[in-house]
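There are 2 protein chains.
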Amino acid sequence: MNEGPLDHLIRMFAGLPGLGNRSARRIALHLLSRRETAMLPLARALEQAAKNVKDCGICSNLDMNDPCGICRDPKREQSKICVVARVSDVWAIERTHAYKGLYHVLGGLLSALDGIGPEELQLQKLQARSKEAGVEEIILALSATVDGQSTAHYIADQFHGSDVKITRLAHGVPVGGELDYLDDGTITTALKSRSAA
Amino acid sequence: MNEGPLDHLIRMFAGLPGLGNRSARRIALHLLSRRETAMLPLARALEQAAKNVKDCGICSNLDMNDPCGICRDPKREQSKICVVARVSDVWAIERTHAYKGLYHVLGGLLSALDGIGPEELQLQKLQARSKEAGVEEIILALSATVDGQSTAHYIADQFHGSDVKITRLAHGVPVGGELDYLDDGTITTALKSRSAA
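Line by line, the protein sequences are chains C and R. Each residue of the first sequence is one higher than the last, beginning at 0 in numbering that gives the first Met the number 0. Each residue of the second sequence is one higher than the last, beginning at 0 in numbering that gives the first Met the number 0.
Derived from the structure by calculation, the hints contain no laboratory data. Each hint should be verified, as a subset may be incorrect.
What the hints assert, rightly or not - Computed footprint of chain R on chain C; a stretch qualifies when at least three of its residues, placed anywhere within it, have a C-beta under 8 Å from a C-beta of chain R: (1) 5-16; (2) 39-48; (3) 81-91.
Claimed, not checked - Some, not all, of what chain R presents toward chain C, calculated at C-beta under 10 Å: (4) 31; (5) 41; (6) 45; (7) 62; (8) 63; (9) 86; (10) 87; (11) 106.
Each residue gets a CB set at the ideal place from its N, CA and C atoms; glycine is no exception.
Chain C on its own, in the form it takes in the complex:
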């Protein structure tokens, strides 16, 4: 197949998550009518990010520096490590400004279906980190899905008998959520974990 540069570009965009052929064509045309102001700057931004964004050797967060800004920040509570599946989860928690400890990005979740076992995740590093002086609590901030919960179980098992406290996020009614739209499992959990009003 003799694929032209435009078709090639559209195919590359269509392969990105959340984009299809139609949106890829729309983006390609948008960029081609703004070559100097959007298209070449986007190409440079991709190259710059590919070159300068690094995986943190400690927590696997993405940052310009290794170790990352969070791991290097002496003001963060060094006694807490929040375990998340992906870097986007770090960003989601950071946006809340509700957590001042450290992170550990697993790089995914255990999944029998996708064939992801413990060795594919950053679990050995977590073990090593947990043995460092001063680590008191590991918070499992994993999604409330089958994979998320089996990963949480697996990690909790691994730390069975250790001095480090293992906690997990509370389950319940999302703030602003209507009961009517919630699944039964969430309502059941929220009922069981009810607290004094």
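Given chain C's structure and the hints, the job is docking chain R onto it.
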């Protein structure tokens, strides 16, 4: 503001049509975990397309060559010019394989709201092309919106009294469309333009 390369990349993606902050973050993370196989190839594809894709000097279509492949193709009917607003409309019509004539991309539609007047569109070129030997029909394939129809009116007026036949796309019920979901205007038009069954 001290914006890092990752934030910069996300902001550039978020500025593309159809993307927001959340989808831009998702795409950036997807690319950062595939730097060699997706991220740098995308950067190169953008540069290649920016360099090699040209505006056709005759019809304003996008192509690797100027004049474009359609304008240079001797097998296309040189007597018909299909006027469209954007390059994506050329692609949409080409996908049907139902049209074998030439195209003319206006580069937009007349719009009082957006301040787009006749001089912003490729109308003078269309006039010049229409006077070339052999041009018999100009097909106005403009969308059935206020701007599309006022642009069609404007062009039809310009060619008033000329030998070139001006036609426009039929309006009616979309093929596969349910009457129940159609707006009143379409049903009215389809009724007025009804044909023998």
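Each hint, compared with the structure:
Under the rule that three or more residues need a Cβ within less than 8 Å of chain R, the assignment of the region 5-16 of chain C holds, with 8 such residues. Here the region 39-48 of chain C counts 10 residues with a CB under 8 Å from a CB of chain R, which clears the bar of 3, and the coverage holds. Only residues whose C-beta sits within less than 8 Å of a C-beta in chain R count toward coverage, and the region 81-91 of chain C has 4 of them, enough to reach three; the restraint holds. The beta carbon of residue 31/R comes within 6 Å of a beta carbon in chain C, closer than 10 Å, and the hint placing it at the interface holds.
Interface hint at residue 41/R: satisfied, since its Cβ lies 5 Å from the closest Cβ of chain C, which is below the 10 Å cut-off. Hint status for residue 45/R relative to chain C: holds, with the closest Cβ pair at about 4 Å, below 10 Å. Because the smallest distance between the Cβ of residue 62/R and any Cβ of chain C comes to about 8 Å, under 10 Å, the interface hint for this residue holds. The interface hint given for residue 63/R is met, as the beta carbon of that residue sits about 5 Å from the closest beta carbon of chain C, less than 10 Å.
Restraint check, residue 86/R versus chain C: the minimum CB separation of about 6 Å is within 10 Å; hint holds. A distance limit of 10 Å between C-beta atoms decides the matter here; for residue 87/R the minimum to chain C is near 6 Å, and the interface restraint holds. This hint holds: residue 106/R has a C-beta 9 Å from the nearest C-beta of chain C, less than the 10 Å allowed.
When held up to the earlier numbered hints, the structure conflicts with none and fits them all.
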